[in-house]
Amino acid sequence: MAELKLLLKYRDVPGIENIDVWESCGGYEGLKKALTMERSAVIDEMKISAVRGRGGAGFPAWIKWSGVLKHTDAPHYLICNGDEGEPGTFKDRELMLKLAHQLVEGMIIAAYATNTDKGYVYIRGEFVEPAKSVRKAIDQAYAKGYLGRGILGREDFNFDLYIHMGAGSYECGEETALMSSLMGERGQPRLKFPHGALPVDAGVWESPTLINNVETYSCAPHILRNGGAWYASMGTERSKGTKIISVSGHVKKPGNYEIELGTPLMEMLDLAGGVIGGKLKAIIPGGSSVPILPAEKCVGVNMDYESCQAAGTMLGSGGFMVFNEKTDIVILMRRTAEFYAHESCGKCTPCREGTRWMFKILDRIVSGAGQPSDIDLLLNVCDQIDGRSYCPLGDAAAWPIRAGIKNFREEFEYWITHKKSPIGDDCVPPVPYRINPALIPLS
Amino acid sequence: MDKENSNSITPETDERTHCKKEGRFSSNAVAELEEIITHYPNKKAAMLPALWIAQREYGGYITPEAIREVARLLGRSKAEVEGVATFYSMYNFKPKGKHHLEVCTCLTCGCVGAYGVVHKLEEMLGIHLGETTPDGEFTLSEVECLDWCEAGTVIQVGNKYFGHVTKDNVEMVLEQLRESDDHTPTSLADDIVKILLPEGEPKSKVE
Ligand SMILES: Cc1cc2nc3c(=O)[nH]c(=O)nc-3n(C[C@H](O)[C@H](O)[C@H](O)COP(=O)(O)O)c2cc1C
Ligand code: SF4
Ligand code: FES
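From first to last, the protein sequence lines stand for chains A and X.
Using numbering that gives the first Met the number 0, the first residue of the first sequence is number 0, and each one after it goes up by one.
Using numbering that gives the first Met the number 0, the first residue of the second sequence is number 0, and each one after it goes up by one.
Worth flagging that the hints you see were computed from the coordinates, not collected in a lab.
None of the values given here were measured: they were computed from a predicted structure.
There's no promise every hint is true.
Cut-off 35 Å, straight-line C-alpha distance, at most; resulting in silico cross-link-like pairs (DSBU-like, lysine-lysine) [to be verified]:
1) Lys-166/X / Lys-418/A
2) Lys-97/A / Lys-119/X
3) Lys-359/A / Lys-159/X
4) Lys-93/X / Lys-325/A
5) Lys-143/A / Lys-325/A
6) Lys-191/A / Lys-43/X
7) Lys-4/A / Lys-159/X
8) Lys-119/X / Lys-135/A
9) Lys-42/X / Lys-252/A
10) Lys-296/A / Lys-4/A
11) Lys-8/A / Lys-31/A
12) Lys-43/X / Lys-166/X
13) Lys-69/A / Lys-43/X
14) Lys-166/X / Lys-31/A
15) Lys-405/A / Lys-359/A
16) Lys-159/X / Lys-252/A
17) Lys-131/A / Lys-93/X
18) Lys-325/A / Lys-119/X
19) Lys-97/A / Lys-77/X
20) Lys-193/X / Lys-143/A
21) Lys-131/A / Lys-278/A
22) Lys-119/X / Lys-131/A
23) Lys-159/X / Lys-131/A
24) Lys-346/A / Lys-166/X
25) Lys-346/A / Lys-159/X
26) Lys-252/A / Lys-135/A
27) Lys-346/A / Lys-42/X
28) Lys-42/X / Lys-8/A
29) Lys-31/A / Lys-193/X
30) Lys-159/X / Lys-251/A
31) Lys-8/A / Lys-93/X
32) Lys-119/X / Lys-251/A
33) Lys-93/X / Lys-159/X
34) Lys-252/A / Lys-278/A
35) Lys-119/X / Lys-4/A
36) Lys-251/A / Lys-296/A
37) Lys-193/X / Lys-135/A
38) Lys-119/X / Lys-93/X
39) Lys-97/A / Lys-166/X
40) Lys-143/A / Lys-42/X
Let the sequences and hints guide you as you build the complete structure.
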């Protein structure tokens, strides 16, 4: 198991953003094949492929697809989650920028399979260039009859695809908050199952709604073209296929790498050229929301959902951040807490107040005023947020901090006792030379 | 029914009236919004697009008139429009400099030199984070991950991204920007509105 390019196979083909080049690489063949099949048979292929959602949670895609198809009353809606905001993750950006036709084709296949005639690509507001590529791909697909009325001569298949641009909010990547935002509201989450309806039953405008990540939809053309069994022949027993891993931080060759699920974590690091600037200290394998792994725990872990979980972390969205020995974990955790405090939508108290508390305590520690009781206080705040917040952002704020303390407790203690970094003056991130009150609107 | 809640989307002033003076969208902007509304089952859903149009129409930020106009055109209350707009960090409520420098200091960038870049920019521009230079040329902000971490440190300026910025080469970024006439907060909004609109004729609509 190693690098295996499927979604990124044509990334570097010149002109791949144009529809004719994409077609010459086998593009839109998956769609054509799907249109010769029953809708439910398309979903069966997805089921055989066992492809799981690539937005973070890893939920089997076909279950959502069939959940929408089972509603026979119109209308249905299709949404692509292109809000990518998880620190350390940048795969959707590249998939939209360079391979927008792959995404559009995947969405058309999903629209057919779920009997849906309207769809939206929700793209984060900052992603102007990637969104321009998606715009161009949609316009070209209309011109060729892949979108619109009576697609490829099929009288019974109409699909219109629109772009909806976000306006700066990490929380809008959470699927129910995204739906609020799409409907013209503040990007705050909605009640979820079992307290509220599932999106597949009553999502946007109370209608059956399919929401998947950019990478998830981008798998569909390949699965339809080559068959679900072919896709399922890759990966591990429960994590099938490939995953794009965004590697950044202290590595020689940062960037997006597509690997077969189950590839050893250390091999992933080698693929990206290995650590630079000192020895390996820690890796966050799945985006800022997942627990950090100290170097000694990285060995023996594989890049798949189960192995990462067994190691006490998660594959998440595949944001693989590498930190060398110059990294000060306490300052890193302070910056992580700052992110969540800034992005908390404010709807529920545990997260709104808890994330600010975490930031304030961590900020106090790195400003030299930490108390010996602060470590336990931090853990206590984590417990008060985790499992008690309205949406998973709260949990995702607590996990990294708790893992940081669990794995690097002595660095927190050092900071509190000596009022300076255990790494030294040249640590990264640097000791905050000035606390920036502007970033966090403390009430 | 008061004016704010009227369902009409026709501009109440004619084309000759200058948009800013009257606080109204230009007729071109109204036409864009009308097209965008057809993308959704109801007008309310066009809220974010309408605010993007407003940000462009009113010079790169959302003014009280902009709120009033969006409310009128979409048939919502001003309080609701303001409540939505203020949730999102990319809508500005104060004028920004011609070049709005948004430096990512998040996890990866923060570990590969972003704070040095911020510090250098503060020195060169003579302002602190969150401030605008007196000549109105530059605003300096700190932002969360821009999801281009492989090129850290990353700076977004309107619709442009600068990657691999270091404290030693950031001067080149400023030089490049000084040569451009673009008012970046406005051109960013303009680009986004263009992205929302399909090319050419309105597409065949599924009823
Ligand atoms: C705070 C938060 C942020 C999220 N951000 C994203 C995101 O940017 N992109 C994404 O695809 N999923 C994101 N998710 C996950 C979505 O809620 C949802 O699970 C996903 O879009 C479903 O698609 P998938 O099944 O294809 O993964 C986020 C979740 C949370 C709790
Ligand atoms: S956990 Fe609560 S405050 Fe935090 S983002 Fe979710 S709903 Fe908002
Ligand atoms: S951390 Fe700066 S772009 Fe992701």
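**Asked** Among the hints numbered above, which are violated by the structure, and what are their numbers in rising order?
**Response** When the structure is compared with the hints, numbers 4, 5, 8, 9, 12, 14, 19, 21, 24, 28, 31 and 35 turn out to be violated.
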